[in-house]
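Can you build the whole structure from these sequences, using the hints too?
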Amino acid sequence: METQLQRPPTTDTARRVEALNRNDKAFHVVLAQQFDRTAIEQLCQLADMIRTIGGARPGTQFLRTLLSHRRAMLYFIQPSTRTFLSFTAACQIVGMPYNSVRERSTSSEVKGESEDDTIRVLSQYFDLIIMRHPAEGFAEHVAGILNNMPRTIPVINGGSGRDQHPTQALLDIYTLIRSFGGTADSRVEHRYVRNPFSGKTIAFVGDLKRGRTVRSLAYLLCRYPGPRLIFVSPPELQIGDDILEYLARSGLEYEISHDLRAHIGECDAVYMTRLQDEHDVAGESKSIDYDKYNLTPDMVKHFKPDLAILHPLPRRKEIDQKLDSLPQAKYWAQVRNGMWMRAALIASIFNFDVAIRDHYHAYYTF
Amino acid sequence: METQLQRPPTTDTARRVEALNRNDKAFHVVLAQQFDRTAIEQLCQLADMIRTIGGARPGTQFLRTLLSHRRAMLYFIQPSTRTFLSFTAACQIVGMPYNSVRERSTSSEVKGESEDDTIRVLSQYFDLIIMRHPAEGFAEHVAGILNNMPRTIPVINGGSGRDQHPTQALLDIYTLIRSFGGTADSRVEHRYVRNPFSGKTIAFVGDLKRGRTVRSLAYLLCRYPGPRLIFVSPPELQIGDDILEYLARSGLEYEISHDLRAHIGECDAVYMTRLQDEHDVAGESKSIDYDKYNLTPDMVKHFKPDLAILHPLPRRKEIDQKLDSLPQAKYWAQVRNGMWMRAALIASIFNFDVAIRDHYHAYYTF
Amino acid sequence: METQLQRPPTTDTARRVEALNRNDKAFHVVLAQQFDRTAIEQLCQLADMIRTIGGARPGTQFLRTLLSHRRAMLYFIQPSTRTFLSFTAACQIVGMPYNSVRERSTSSEVKGESEDDTIRVLSQYFDLIIMRHPAEGFAEHVAGILNNMPRTIPVINGGSGRDQHPTQALLDIYTLIRSFGGTADSRVEHRYVRNPFSGKTIAFVGDLKRGRTVRSLAYLLCRYPGPRLIFVSPPELQIGDDILEYLARSGLEYEISHDLRAHIGECDAVYMTRLQDEHDVAGESKSIDYDKYNLTPDMVKHFKPDLAILHPLPRRKEIDQKLDSLPQAKYWAQVRNGMWMRAALIASIFNFDVAIRDHYHAYYTF
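Chains as they are written, first to last, in the working numbering: chain A, 1 to 366; chain B, 367 to 732; chain C, 733 to 1098.
A few of these clues could be false.
[To be verified] Dumping the calculated DSS-like pairs for lysine-lysine here, alpha-carbon to alpha-carbon at most 27 angstroms: (1) K292(A) with K575(B); (2) K25(A) with K1054(C); (3) K477(B) with K322(A); (4) K1054(C) with K688(B); (5) K843(C) with K688(B).
[To be verified] Beta-carbon label-pair distances, calculated as ranges: (6) T1028(C) with R249(A): 46 to 52 angstroms; (7) S1057(C) with G161(A): 26 to 32 angstroms; (8) Y363(A) with P693(B): 23 to 29 angstroms; (9) T797(C) with R517(B): 56 to 62 angstroms; (10) E502(B) with G240(A): 43 to 49 angstroms; (11) Y363(A) with T797(C): 21 to 27 angstroms; (12) P424(B) with K1036(C): 52 to 58 angstroms.
[As the list claims (entries may be wrong)] Now the stretches of chain C that chain A is said to cover, found in silico as 3 or more residues with beta-carbon under 8 angstroms: (13) 791-798; (14) 815-823; (15) 986-993; (16) 1066-1077.
Keep in mind that the hints were calculated from the coordinates and are not lab data.
We put the CB at the ideal spot given by N, CA and C, even for glycine.
This is the structure:
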């Protein structure tokens, strides 16, 4: 692909994934760390272009021809409506027919097939596997299987285990960049003119220990100098030390806090998350006063006018519904951004980024 | 849309739905009462045109471009194969990609999301929501949510609660009109030359208390002067008084009967329904002799030659299978009519009725 | 269709199916026995052509227009991932929109509808029914129902009961023919120049009693003089006598054996199957030493260089994973062949074989 989605990463996992992609066959999307600043901004620009092109009927028809000759398999063994539908919408935008496997019980695995064989079979029918799976590291494992097949196809990690959710991180940073005034400047390819994160304060709020979206997004923010991060959570649900070390090594300024109200006034963005009590072992989060980590109407008077409120959804009470109609509420736009970003990612993997850029420059800039 | 689908209705619900549609953003299909005679006949003519155009390969290819730039979500929380497949076929005819949510358990709602938020999220990915839901009034509720989003998309009620099923009513009246000799006269737009219901006798047979299809169809028939309705049911399962009052206020002649055999000879159409014993509270319908409300081979000799037998399906024993090959059996055609009618409705909502009419007049009339 | 897919078969079932197809309305694919040598080779050539045409983007776009005016219903009541996905991929290749019914519980049948009525309803929405069903003879039954509808559409048997799986047999024989050097010679239509099975030894290994794929493939191999068949299985799981009689009447040479190791060196193809213990009545296969019927790394030294290893999948331990990378391993290619063969079959049923041949000759031969 034209965009350079690789960059020397540092963790062991990242090193292994880099090795997996060191072939000419397929580009696997496994980790957020795979994407450096150039890659992120190319994808954001491409998403912006697809959004613009897709805003009128002739443009949608151009987009729908792009990948009409390929087929995607959505292997979503872990329940997910939102991410699943986002990917299907992305496939539909770039015209890629898809099919899905949603649970193992309907599959041949009841007859004793290994999941590895299932992946091998799927790779015969489809040209891309988009997967979501409860097992940690499953996407990496799939990439390894696919690399060993005579016909290698790419895999996109739509969430595996509790660790990584790279496409969520891409749509989150895309939403932040759009909120902070980053736009696709068609004359400056591959890099925004200015750093959209320079001088910005971003708070992450809630269950930071068990939410993979915050972890993945943190990896991406390390590609940028400038942002100051505040991790606001109950003491029991603090962000992992591995992430804090990664931030420190990357030179990013951060702060740990347990008091949302104390910080809300200084935030340029606030990333809300829900309590992930389905991961409780013995109901330990029942004793936590999570209400302190909710955005409520009485806080609105402290909001900066340009504050961007994000939430990976689903929400419970973290954001009062009365806030939905505020200009600061970006969480519905964030959902829609995910669709455009995933369309951009799929198009890039199959090297159609160039065709989209060319179309955009020919028809939408003068 | 070009067609005027609104007309001052009279019930409180209808008044609320009319208010919901009083915007320039989206036309929501919630109730049968929304459709006046002009709207009904425009949709019937459009369905006829789509059927004709779709009868050969070049025509299908024209139709499939119409809505290829939009995407539909079929949110079918209540089990339904027939209506679901009918809508998917309709989407495919007008080239609209779709996706579906069929049960709440696979959705993010297990994580504590409100159904309102689910609708809000779906509205970010899709351009139309077609829904079926067990809750009374849910379609109206969804229309309200969608009107409050920055990007408003339309909703079509594919059946909600026990009350309303407007697209079934539209396909039923379409089938009656076709059976009674109504055809799309391309030279007379917006209105059939003659009233197809003038002097016709239509019997509704069976469980009229709990079948929402009969209720919805009754609302539509009130748009026409002329038909005489006979409600034939066990005394325990009579049609609701609210419907009878609505008919009376509309000036329609009707009769209540418990004897199918006494009336079958005078019918121009007979609308059979099955016993809805899944709504029994304490097995109360077990004591009913429902067999008296079945069409049996020995009745055939009393049939008018032009009798139209309809059934919303599924059937149990209401119509003996030996009757399937009679010219009077219209229930399979009725199924197929539903597909054409739903395609017409979707096309109309997105203002493609004009394009279809233009195409029809250009290629299919001389 | 141009290809002559019928030939006087001999069994009672085959005679009945032949009668079902003796109409001008639709060609039903019910049994492997329906296909004579000419039909098999025409389909193989067509599959080869579709594979070639589908190998580049312009070709895929030609293919995707072929059946864009029709719609398929995949009525897959019996769990199946592999066959289901193969058919959906085939539909996508020839551009045929499809929908599916995967279980009876989501259907109207909970309301008391007969399965016959379900089929009748589906025939109103779709132009082709592809079905998989636990009941013996169900495909034949469906063909009968469809022939009695005013609008008759074809049915394809995707596996019914324990007896027949004709499209698996077609993809198996296609894989054998490709392995044995049969190729589509564009100058010799309708028949390969030489008999690919002449002098070939083919072993069937494993649970031959309960595997329908072996039975169906045996019927097809009887269309060819020349192959020698070895049925290698535990004594308890021998191939049915009816098949052996059919082979004998067809003049095919065969041998019964219980010793894989004794024969592996003489095989040109070996067709592995798994133990179908889900059909056990009282765990009777627990006492069988099935490991003797596995292909293991120590056997590789006996393999002929051109040996073709097939497996209908899913596999358990019948083929050691270490063999996957051998040139003799054809089971992944076999999966992909199924997709091309099913696309060829669907195209043929709707008479688009001619259009594909014409396109192939115009663009891919000089």
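These are the hints, each one checked on the structure:
Distance check on the hinted pair: K292(A) and K575(B) sit about 51 angstroms apart at the alpha-carbon level, beyond 27 angstroms; violated. This hinted pair checks out: K25(A) and K1054(C) have alpha carbons roughly 22 angstroms apart, not beyond 27 angstroms. The straight-line distance between the Cα atoms of K477(B) and K322(A) is roughly 21 angstroms, inside the 27 angstroms bound, and the hint therefore holds. With a CA separation close to 60 angstroms, the supplied pair K1054(C) and K688(B) exceeds the 27 angstroms bound.
Only pairs whose Cα atoms come within 27 angstroms are accepted, and K843(C) paired with K688(B) is accepted, the gap being roughly 21 angstroms. For T1028(C) and R249(A), the hinted distance range of 46 to 52 angstroms is satisfied, since their beta carbons lie about 49 angstroms from each other. In this structure, S1057(C) and G161(A) meet the distance hint of 26 to 32 angstroms, their C-beta atoms being roughly 29 angstroms apart. In this structure, Y363(A) and P693(B) break the distance hint of 23 to 29 angstroms, their C-beta atoms being roughly 56 angstroms apart.
Under the hint 56 to 62 angstroms, the C-beta atoms of T797(C) and R517(B), about 33 angstroms apart, miss the expected range. For the hinted restraint 43 to 49 angstroms between E502(B) and G240(A), the CB-CB distance of approximately 47 angstroms keeps it satisfied. Between Y363(A) and T797(C) the Cβ separation comes to about 25 angstroms, which falls inside the hinted range of 21 to 27 angstroms. The hint said 52 to 58 angstroms for the Cβ distance between P424(B) and K1036(C), and at roughly 53 angstroms that hint holds.
Under the rule that three or more residues need a Cβ within less than 8 angstroms of chain A, the assignment of the region 791-798 of chain C holds, with 3 such residues. Requiring three or more residues with a Cβ within less than 8 angstroms of a Cβ of chain A, the coverage given for the region 815-823 of chain C holds, as 4 such residues are present. Look at the region 986-993 of chain C against chain A: 0 of its residues bring a Cβ nearer than 8 angstroms to a Cβ of that chain, fewer than three, so the hint is violated. Taking a C-beta to C-beta cut-off of 8 angstroms, the region 1066-1077 of chain C contributes 3 residues in contact with chain A, enough for the three needed, and the coverage statement holds.
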